[in-house]
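A.B. asks: Residue numbers (my numbering), protein chains in the order written: chain C, 1 to 291; chain V, 1 to 320.
One or more of the hints may lead you astray.
In silico DSS-like pairs for lysine-lysine, Cα to Cα no more than 27 Å straight-line [unchecked claim]: (1) C:K167 / V:K22; (2) C:K46 / V:K77; (3) C:K67 / C:K80; (4) C:K8 / V:K127; (5) C:K104 / V:K93; (6) C:K167 / V:K31; (7) C:K103 / C:K167; (8) C:K46 / C:K103; (9) V:K31 / V:K21; (10) C:K278 / V:K127; (11) C:K8 / V:K161; (12) C:K46 / C:K62; (13) V:K161 / C:K104; (14) V:K22 / C:K103; (15) V:K77 / V:K93.
Away from chain V, derived, C-beta distances all over 10 Å, residues of chain C [claimed, not checked]: (16) P28; (17) S55; (18) L58; (19) G76; (20) L92; (21) V147; (22) G164.
Don't read these hints as lab results, they were simulated from the structure. Don't be surprised by glycine CBs; every beta carbon is placed ideally from N, CA and C.
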Amino acid sequence: MKLTATEKLFVVSNYILLSLMTVVIILPFWYVITVSVTPYHIFSAKNGMVLFPASFSLEYYKYLLEKGSLIYQSYGNTLKNTVGGVILALILTSGAAYALAEKKLPGRRILILFFVFTMLFRGGMIPTYITIKQLGLLNTSYVLILVMAFSAFYMIIMKTFFEGIPKSLKESAAIDGASEFRILWQIVLPLSMPVLASIGLMYLVVYWNDFFNAMLYVTDWNKAPVQLVLRTIIASSSLPPELLEAAGTTPPPTIGIQMSAIVIVALPMLIIYPFVQKYFDQGMMVGSVKG
Amino acid sequence: MGSELESAQMIVGTVPESGLKKVLDRIWKFKLLYLLLLPAFLWVFIFDYLPVFGISVAFMDYNFIRGISGSEWAGLKYFHALFESDMFWTAFKNTLIINLYKMISGFICPILLALALNEIRIKWFKKTLQTAVYLPRFVSWVVYGGIITLLLSPETGIVNKLIELLGGSPAYLLADHHYFRTILVVTDAMKEMGWAAIIYIAAIAGLNPEVNEAAVVDGATRFQRIIYMTLPGISGTIVVMFILRVGFIMSAGLDQVINLYNPMVLQVGDNLDTYIYRVGVEQFNISVAAAADVIKGIIGLAMVVTANHFAKRINDSGIF
């Protein structure tokens, strides 16, 4: 294909602009990692301009992991909430999506409306808080698993995918005497790995990154997820004593502690994400065909 | 005649019965599907519908100890209180302004990004760009807010160093009400743009390539193909995303603002979400905050319904 001069200009500037934009988006992450491994005297001598680490040290990480017992505990809470939450969310979402994908299901339209309405109108922060309180869930260890376990939006995406699976597969399995459970478990779900993976990962991100529900519903530091602890570390100009086992020792400069804490909290997501990105693409393709 | 009456009675008497039985039979036939649906149904009822009933606290002198059943009705008292509160109107106004800015950046940027990415023909380059621009979406606003705070810090922040290098004077950007909304809009775009573009990228990928090839044969330039083929091709997706976005007109990004704002910029940064949080959770004025929640929810719902209505009239692609 031959390009005219204007088109060449267009293509070249497109490449340049997109590359620039990508650098602007990625640079902050790089900078945080650099600051977290640069000794403070170098950081301040260079006035914060430490885009390339001149010297490498893990003192901040060492300090956080040795002194911040709450980091371990909250990490454990986050892991527990995330694993439990994603499993529960996938069970709820795929069950509903599979049932509603059956066009002959009596009452299907009303049931779909029942779910879709929640995408348009919600009770809001305070009525939800009151409900959680009246259910006796405030400050329990499973409130953070329960409150995020279902999204009508993801259910609709999954339902669209299930609708695309050839009917004949299900029918022939039914003739062979398979129950709906078996058809779902042995035929539909194995065929739905891209959408299960992508939606599972979206729930995973929600659970891993939650701090606001924790702020609302959990007051006990022993149940706090790691994002909430990180928020406290960032918000306070010094380390809160309740986060430390031995508060007597002089802590290293706050900025390094804050940045290494950020890295510790964000790293798992940043590491797994590039490996699973293809699932996101596939899953979203499915959802976009018909919202 | 007697037999006619009898048969008529039989029809009247038996048809509904067998009709009902038929319906029940059909429902029974799908019992396992209902069973699969039940957990999600219960979840939505408990966590989405019960709070809708919980809205009643906006019309009560809610007493935290005695709960809903033990509190007295208060009529519209708390709505009146809201309408007379300057802080509420500031939050209301800020919500709309921040959203309008974000609508322009956060809605248009992803579309432009998707169109631009579509013009990249080198596969590995495109993949790399995509991976990079989605990345920020996967960290929380606690993390991203911390990063932004570091970048903008007055003493050590790299942005201020750049400003100095370019001859400007450093400023405490996050505490300056001139810059705060701009920071909200820019950082929101940086964090969410890539991810938001995914849906348009997928929509473009779904377009029929033959139409595009035909246009090439007819001598259409790249730019013409974008304007006259690709963009109209994804207009349905754009409309749907717009309607969904309009529904959030009363949410200015709670996670983001709560991690970036400070008392210095309350005047420009406080919005309905942060207002509700502060008044309801921090100051414990449950009923006032719930009243603000009601206003927020109703306006949001009205906006989606209106946008959907117009979308249907204009190009027949609403969401419901």
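A.B. asks: Determine for every hint whether it applies to the structure shown.
C.D. replies: Comparing the hints with the structure gives:
| no. | hint | verdict |
| --- | --- | --- |
| 1 | C:K167 / V:K22 | holds, 24 Å |
| 2 | C:K46 / V:K77 | violated, 58 Å |
| 3 | C:K67 / C:K80 | holds, 22 Å |
| 4 | C:K8 / V:K127 | holds, 22 Å |
| 5 | C:K104 / V:K93 | violated, 48 Å |
| 6 | C:K167 / V:K31 | holds, 19 Å |
| 7 | C:K103 / C:K167 | holds, 11 Å |
| 8 | C:K46 / C:K103 | violated, 66 Å |
| 9 | V:K31 / V:K21 | holds, 15 Å |
| 10 | C:K278 / V:K127 | holds, 10 Å |
| 11 | C:K8 / V:K161 | violated, 36 Å |
| 12 | C:K46 / C:K62 | holds, 23 Å |
| 13 | V:K161 / C:K104 | violated, 64 Å |
| 14 | V:K22 / C:K103 | holds, 18 Å |
| 15 | V:K77 / V:K93 | holds, 22 Å |
| 16 | P28 | violated, 5 Å |
| 17 | S55 | holds, 17 Å |
| 18 | L58 | holds, 19 Å |
| 19 | G76 | holds, 18 Å |
| 20 | L92 | violated, 4 Å |
| 21 | V147 | violated, 6 Å |
| 22 | G164 | holds, 13 Å |
Hint compliance for this structure: hints 2, 5, 8, 11, 13, 16, 20 and 21 are broken, all remaining hints hold.
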